[in-house]
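Engineer: Here is what each chain is made of, one letter per residue.
2 protein chains.
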Amino acid sequence: MTKDKRKTVVLLSGGLDSTTTLAIAIAEGFDVYALTFKYGQRHEAELHAAQRVAVALGATQHVVTQIDLRQFGGSAITSDDVAIPKDRPIEQISQGIPVTYVPARNTIFLSFGLAWAEVLGAEDLFIGVNALDYSGYPDCRPEFIEAYERMANLATKAGVEGKQRLKIHTPLINLTKAQIVAKGLALGVDYSITVTCYDPGIDGEACGHCDACLLRLKGFRENGLADPAPYKESAGARP
Amino acid sequence: MTKDKRKTVVLLSGGLDSTTTLAIAIAEGFDVYALTFKYGQRHEAELHAAQRVAVALGATQHVVTQIDLRQFGGSAITSDDVAIPKDRPIEQISQGIPVTYVPARNTIFLSFGLAWAEVLGAEDLFIGVNALDYSGYPDCRPEFIEAYERMANLATKAGVEGKQRLKIHTPLINLTKAQIVAKGLALGVDYSITVTCYDPGIDGEACGHCDACLLRLKGFRENGLADPAPYKESAGARP
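Protein chains in written order, with our numbering: chain A, 8 to 246; chain B, 8 to 246.
FYI, nobody ran anything at the bench for these hints, they're computed from the structure.
Source: prediction; values computed, not measured.
Among the hints, erroneous ones may be present.
All copies of an identical chain are treated as equivalent in the list; a pair is satisfied when it fits inside any one copy or across any two copies.
To be verified - In silico lysine-lysine, DSS-like type, Cα no more than 30 Å apart, as pairs:
1. K93 <-> K239
2. K164 <-> K174
3. K14 <-> K164
4. K174 <-> K12
5. K93 <-> K190
6. K164 <-> K93
7. K45 <-> K14
8. K190 <-> K14
9. K225 <-> K164
10. K164 <-> K45
11. K239 <-> K190
12. K190 <-> K12
One chain only, chain A, in its complex shape:
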């Protein structure tokens, strides 16, 4: 919170990727303003996780903003009519776009991040997108992020006046889940307080079977570690 630090907005869901991203922003010396969305997701466990993470990692401010993507639906995450896929083979997870894709979600999240960055006078915005070991979401790809950054620099007052440029940081974009876990552990992240699961229990216990759990578990397994986060009994024996 010193005046020497540059402010940045970090999008924070409370899961493995965004928590690691926040840790990286802190490690790079930024004064972090964390932004979380209550958007109509199936559960609030990840909001509680985001609150724990923001405090534990030392964000200067944490805003949880409410929007309603259930009004539009179109995803297993924002509609109760579509089931969360379970126990898909890892090879299948990265093929095609799954029903957990939420239309325009990252576009919307980045747009609120842009608004806050402009008000704060911040030139930096962090998002934990990941184009390897990911779920095939179009709005996690490098070409999307580049196009977003270009648009954002035409959208704002600073863009017109040419006084500053917004940089979108994607420190995880080319990392595997195993590399993300290793990076976070090296920075001292306590992953036991994070929630990644698409279908957690009321206290955030992970299901162990959805795409997000399978990718996360693979990340820990490849580091020779067990995931420290709580899992439901039905998750079975974890690797």
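Here the structure of chain A is known, so what remains is to put chain B in place on it, guided by the hints.
Structural biologist: Chain B only, in chain A's frame:
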């Protein structure tokens, strides 16, 4: 609502520009899904206007979605700490970026429009931005819209699969306010039900002195007409 019509999302504030835009989309034969934001603006009069307009012009569906841009502030529209400028000379209105600019507002609005369009399978999105007789907002410029469209086509499932392209329509972008009024009147728009004012009374009576009122009044005056919308008594004699 016939199956032959193409669906489109139209961003609708209930003011002169977005109402004219909606009328144009209808006249072009689109099946219109109107989207309005309760975003923390100073007054709800424009929401009521949007509801009247959606019904009067025949939108197939009208969604009012709630977001909270007051959490970020940074504008006279979303903060009570900044006064709405009054009685500025018309020449001054288009110079510089005024305090009524809301950071990233159009970026956010378009992003929700993109989400809804993707769920609807719509390839078209209308927004009533206007780069002449406007308030100098960065996110009303053609270069911003072009960059947004390019980004949007990388953001969605359709963008990845190459099955459809999203086109952002800005039918007012090169029109003067006088031309916008003339266009709407030719399409039978009843402007008495619209609210453009930044600082209206409780029933939507316009102040007659803010930038938005001054530009709107100029548009009617140049058509040799009085604005049919209600004004506050303090608006004085109208031209």
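Engineer: Tell me, please, which holds for K164 and K93 at an alpha-carbon limit of 30 Å: within, between, both or neither?
Structural biologist: So K164 and K93 pass the 30 Å test across copies only (21 Å; inside, 45 Å).
Engineer: Cα distance capped at 30 Å. Does K190 pair with K14 within a copy, between copies, both, or neither?
Structural biologist: within (22 Å within a copy, 46 Å between copies)
Engineer: Between the shortest in-copy and the shortest cross-copy C-alpha distance, which are at most 30 Å for K164 and K174: within, between, both, or neither?
Structural biologist: both (15 Å within a copy, 25 Å between copies)
Engineer: Using 30 Å as the alpha-carbon threshold, which applies to K190 and K12: within, between, both, or neither?
Structural biologist: Within one copy only: 23 Å inside a chain, 52 Å across chains, cut-off 30 Å.
Engineer: Given identical chains, is K93 near K239, meaning Cα to Cα at most 30 Å, within a copy, between copies, both, or neither?
Structural biologist: For K93 and K239, only the intra-copy Cα distance (14 Å) is at most 30 Å; the inter-copy one is 60 Å.
Engineer: Using 30 Å as the alpha-carbon threshold, which applies to K225 and K164: within, between, both, or neither?
Structural biologist: Between. Shortest inter-copy distance 26 Å satisfies the 30 Å Cα cut-off; intra-copy 44 Å does not.
Engineer: At most 30 Å between alpha carbons: which applies to K93 and K190, within, between, both or neither?
Structural biologist: Classified as within; 27 Å inside a copy, 54 Å across copies.
Engineer: Could you figure out if K14 and K164 sit no more than 30 Å apart (CA to CA) within one copy, between two copies, both or neither?
Structural biologist: Within. Shortest intra-copy distance 18 Å satisfies the 30 Å Cα cut-off; inter-copy 33 Å does not.
Engineer: At most 30 Å between C-alpha atoms: does K45 with K14 qualify within a copy, between copies, both, or neither?
Structural biologist: both (23 Å within a copy, 28 Å between copies)
Engineer: Go through the copies and call it for K164 and K45: within, between, both or neither, with a Cα cutoff of 30 Å.
Structural biologist: both (28 Å within a copy, 23 Å between copies)
Engineer: At 30 Å max between alpha carbons, let me know whether K174 reaches K12 within a copy, between copies, both or neither.
Structural biologist: Close inside one copy (16 Å), not across copies (41 Å); limit 30 Å.
Engineer: At most 30 Å between CA atoms: does that hold for K239 and K190 within a copy, between copies, both, or neither?
Structural biologist: For K239 and K190, only the intra-copy Cα distance (26 Å) is at most 30 Å; the inter-copy one is 61 Å.
Violated hints for the displayed structure: none, as all numbered hints are satisfied.
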